[in-house]
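Novice: Protein chains in written order, with our numbering: chain A, 1 to 216; chain B, 217 to 301.
Hints may contain errors.
Said to hold, decoys possible - Far from chain A, by Cβ distances over 10 Å, these chain B residues were calculated:
| # | residue |
| --- | --- |
| 1 | E245 |
| 2 | T248 |
| 3 | E251 |
| 4 | G275 |
| 5 | E279 |
Said to hold, decoys possible - A few chain B residues that face chain A, going by a derived Cβ cut-off under 7 Å, partial list only:
| # | residue |
| --- | --- |
| 6 | D226 |
| 7 | Q233 |
| 8 | K276 |
Said to hold, decoys possible - Not everything, but these chain A residues come out facing chain B in the computed CB check (under 10 Å):
| # | residue |
| --- | --- |
| 9 | Q9 |
| 10 | Q13 |
| 11 | S15 |
| 12 | V18 |
| 13 | E19 |
| 14 | R22 |
| 15 | F29 |
| 16 | S38 |
| 17 | I41 |
| 18 | Q59 |
Everything labelled a hint here was simulated from the structure, so no lab data went into it.
Owing to the predicted nature of the structure, the values given are computational and were not obtained by experimental measurement.
For each residue, glycine too, the CB sits at the ideal point set by N, CA and C.
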Amino acid sequence: MPAAAAELQALAQDSPLVEALRAGDERAFLGLVGSLHSAMIRFARGFLHSHATAEDVVQDTWAVVLEDIDRFEGRSTLRSWIFAILANLARTRASRDGRAIPLSALEPDQGEPAVDPTEFLPPSHSRWAGHWAKWPEPWPEEQLLSREALAHVRDAIDRLPAGQRAVIQLHDVEGWSSQEVCEALGLSDVNQRVLLHRARSRVRREIARHVERRSR
Amino acid sequence: MSRALPADLDCIVAVEQVTDYLEGVLPLEARTEFEQHLVTCPGCVIYLRQVRAQVAASGKLAEPRPVAEEVTRKLLEMFHASRGG
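Could you put the whole structure together from the sequences, leaning on the hints where they help?
Specialist: Dropping the structure here:
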């Protein structure tokens with residue numbers, strides 16, 4: 001499976017990096033910070049109100065990483081280990097600030113359908129109940145990669161409930177394997193996929209709305 | 217009642233299977249049923265294309281930004297301190 005292969009490759013790449021960090025190699029550390037720091041802040045923002053708080057929590061995370069790197073056993077990838085620390089610190093901080101952040105699939109919109117049921121023919125339809133009332137409109141796919149459209153995708157992701165946002169960011173934006181996402185967020189495979197499904201469905205609805213508005 | 221064809225999947229059910237399908241975790245039988253549905257349903261083909269395009273677009277959002285100089289300096293201090301330097 002390609003996902004498992006990607007995971008193995010990531011694990012294999014980690015070990016010289018971890019050795020270099022332990023040995024105090026400044027360039028190795030700067031490389032790691034450069035590749036993860038901005039994604040960490042974006043991730044932390046999903047749990048926290050302000051950018052400043054997110055920056056604080058990310059800095060605390062680096063402190064814990066440096067303190068614990070000698071104990072890192074390579075049972076997960078380095079980045080999922082780091083994001084697990086970050087997720088814990090961010091959630092602890094959020095609950096201290098009076099926001100409890102559920103990470104399971106048990107979010108308010110659990111069970112929300114992927115597509116508005118009115119887009120399908122009703123159960124009373126004699127022949128085609130449950131089929132599209134009208135096919136979805138194809139998207140101009142190159143346009144979806146325009147700056148403007150990407151900003152809409154970004155906004156749609158940022159408006160998701162915390163768990164969905166965390167999963168879609170790591171999986172679809174950062175391109176992590178499901179296994180790494182599960183490791184970072186402490187989710188079961190099934191819960192991870194439910195959150196990913198809800199997140200993608202919601203974002204798709206937002207994009208569809210945007211595309212339809214533009215084509216009118 | 218005999219059926220010449222297996223019952224077709226309803227689109228309202230198919231759209232809920234799209235993530236499992238793309239993640240490659242639909243059991244073989246369900247996967248076959250899903251793919252057979254696509255053969256006869258242009259609406260679901262369009263839907264699947266939309267989701268694929270969306271995932272591709274999401275992947276374009278990852279841009280590591282340069283870390284502010286003062287942050288880098290602080291992190292480096294922490295790094296050297298932690299390495300006993």
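Novice: It remains to establish, for every hint, whether it holds in the given structure.
Specialist: To see whether the hints hold, each was checked on the structure:
1. E245: holds (18 Å)
2. T248: holds (19 Å)
3. E251: Correct as stated: the minimum Cβ-Cβ distance to chain A is 17 Å, above 10 Å.
4. G275: Check fails; 6 Å does not lie beyond 10 Å.
5. E279: Violated: least Cβ distance 7 Å, not greater than 10 Å.
6. D226: holds (3 Å)
7. Q233: Violated, about 9 Å.
8. K276: Holds, because the Cβ-Cβ distance from B/K276 to chain A comes to roughly 6 Å (cut-off 7 Å).
9. Q9: At about 18 Å, which exceeds the 10 Å cut-off, the nearest Cβ of chain B leaves the hint on A/Q9 violated.
10. Q13: violated (16 Å)
11. S15: violated (18 Å)
12. V18: This interface hint is violated because 13 Å lies over the 10 Å limit.
13. E19: For A/E19, the interface hint is violated, since the closest Cβ of chain B sits about 13 Å away, which is over 10 Å.
14. R22: holds (8 Å)
15. F29: holds (5 Å)
16. S38: holds (4 Å)
17. I41: holds (9 Å)
18. Q59: holds (7 Å)
In terms of the numbered hints stated before, the structure departs from hints 4, 5, 7, 9, 10, 11, 12 and 13, listed from lowest to highest.
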